[in-house]
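Novice: Residue numbers (this note's numbering), protein chains in the order written: chain A, 1 to 243; chain W, 1001 to 1329.
For the record, the hints were derived by calculation from the structure and aren't laboratory data.
Check before you lean on any hint, since a few could be wrong.
[Said to hold, decoys possible] If you anchor each label on the Cβ, the simulated ranges turn out as follows:
#	chain 1	residue 1	chain 2	residue 2	range
1	W	1309	A	121	26 to 34 Å
2	W	1109	A	173	44 to 52 Å
3	A	121	W	1321	23 to 31 Å
[Unchecked claim] Chain A side only, calculated, beta carbon under 8 Å to chain W, not exhaustive:
#	residue
4	106
5	114
6	160
Bear in mind the structure is a predicted one, so any value in this text is a computation, not a measurement.
Positions of the beta carbon are idealized from the N, C-alpha and C atoms, including for glycine.
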Amino acid sequence: MTTLLEVDGLTKRFGGVTAVNTCSFAVPEGSITALVGPNGSGKTTAFNLITGYARADEGVVRFAGETVRRPDPVRLSRSGLTRTFQQARIFADLTLVENMVAALQQPWRTAFSTAVRGHERARALELLEEFGLARLATERAGNLSYGQKKLLEFAAVLMGDPRLVLLDEPTAGVNPVLVEQIEERIRELNARGLTFLVVEHNMNLVMRLCDPVIVLAQGTKLAEGHPDEVRNDSRVLDAYLGG
Amino acid sequence: MTRTGLLRAAAFLAVGIAFPFVFSPAWLVNIGVLTLMYAALATSWNLFSGYTGYITLGQVAFFGLGAYTLAITFEHYGIGSGYNPFYVLPLVGAGVAFASMPVAWIALRTRAMTFAIVTLTLLFIVQQLAFNLHSVTHGSSGLMLPTPTTFGVSTYDDPFYFAMLGILCIALLLCWGVLRSKLGLMLLAVREDEEKARGLGIRVTGAKLIAWWLHVFVTAMVGAVWAYYLTFIYPESSVDPLVMIGAVLMTFLGGRGTLWGPVIGAVVLVPAQQYMLLHLGGSQLYLVGYSAVFVVVLLLLPRGILPSLRDGVTRTRERRRTRLEAAAS
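Excised from the complex, chain A in its bound form (with noise of 0.2 Å):
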């Protein structure tokens, strides 16, 4: 298996506090690959590392054989490297489709043509639907539940045909109904060849879901590998799992 992205060596000091610590991992291009540790560990440090949000005081992120030289948002995301938030992030006073269509990677040639065009309103409610989402295609967004906004986000981000998508915590807060359908949703789009990378609490899913598993622990990696080799880690559990 290819390697779509590797950490090398990461590091980023918040003042006295650092956050991650020499960090290096890699994601096997095809996998769903979780990133979990106790709160605090740099999981979402390293994300925002990853996607342009913050700059790395030390170490390379290579995506899809390439070093990322000046990471930015924008540029790798239009480069296939997208992501979800923590909290889910919509425009709130956006309907859902423009939501989405918002989310398509646009030429500056189009800048001027009509906001919304028919085949990508199609492509929006194809979207939409497979996220249960299609009857409430024109609702403002700011008026879905908080749910239901994680799989918009979800959802919004697929519309650029990204090639690897961080989810950070895409569980979080999320009633079990909707859990199942967003495992349902990874498990499909990774079948269809999409690379996962996941910040996950729910250690029930991850252990299902998540192949390979990276521990964090104090911003730097502790264990790799199948769920079930991190599962009796000692390190691990002593760490994480509290024993």
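Take the given structure of chain A and dock chain W to it, following the hints.
Specialist: Same frame as chain A, now just chain W:
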């Protein structure tokens, strides 16, 4: 465009064109010119700040630059009086807009309050430049433009009125076009959550710069017509913070982010301001009256005239529907 939208635009255009013929006294047309001027300024401010959420307080710097560009061109290149200056307006607008881009690129690296303050300093920088670049601007002595002699005494204001009306129409068309385009979607995404927009691959900097260019383009043309109208400009009058505050308040009054809101704001406020200036000008009490209009509107319609009215209509409809449903069951 929807049918209602088309009707609204046609009605606006009909009233706009008929006004100087129906209300021909010069002082009334003069109020018309000022109203249209503020409406165009407020609309173009809305095009940038209303859609992106970046509050600029430096718009009037480009109004002044437009005014000075036309006046200096007159002085040095003698493009003649009469209608000629109107023909070069798009060039003045585009020139000032392009010249503003490097500053915009730097200013747009800041956000929220910082951006507002940075743009506010632009206003004072341009004013200071107008004072100090004496050889070009004549400093505080001001610049004189030739008075057009071909316009006729009784209809002198009309060409300026129609020039302002034309610019306002351009501004409205730009707003309408942007709102229904992908650029509009990008700008609204910036207003809602810029960081998220970047993560989706939306080219936020480019989108903001285009909106900036368009708003400066309109603003500089308004400034140029204004300079020609007055035939005399000086730093305090052409880069006047009160004009800036006026345009922003009119937008808030009418409804930020809406197409017609800024026009409604200008139509309500400018005549009120001029009326009070006429009747209470000597005692400066007009400023009290002017602020009273704001207080009343903000108390009764806090989100601006248009959004508040729309909310009211929606509420009434919902109530009626609920009543009907209750009666049916």
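Novice: All hints, please: hold or fail.
Specialist: Results of checking the hints against the structure:
Here the CB-CB span from residue 1309 of chain W to residue 121 of chain A is close to 30 Å, well matched to the stated 26 to 34 Å. In this structure the hint that residue 1109 of chain W and residue 173 of chain A lie 44 to 52 Å apart at CB is violated, the actual value being about 34 Å. Checked against the hint of 23 to 31 Å, the pair residue 121 of chain A and residue 1321 of chain W passes, with Cβ atoms roughly 28 Å apart. Taking 8 Å as the C-beta cut-off, the interface hint given for residue 106 of chain A holds, the closest approach to chain W being about 6 Å.
This hint holds: residue 114 of chain A has a C-beta 6 Å from the nearest C-beta of chain W, less than the 8 Å allowed. Interface restraint check for residue 160 of chain A: the shortest CB-CB distance to chain W comes to about 6 Å, inside 8 Å, so the restraint holds.
Checked against the numbered hints above, the structure violates only hint 2.
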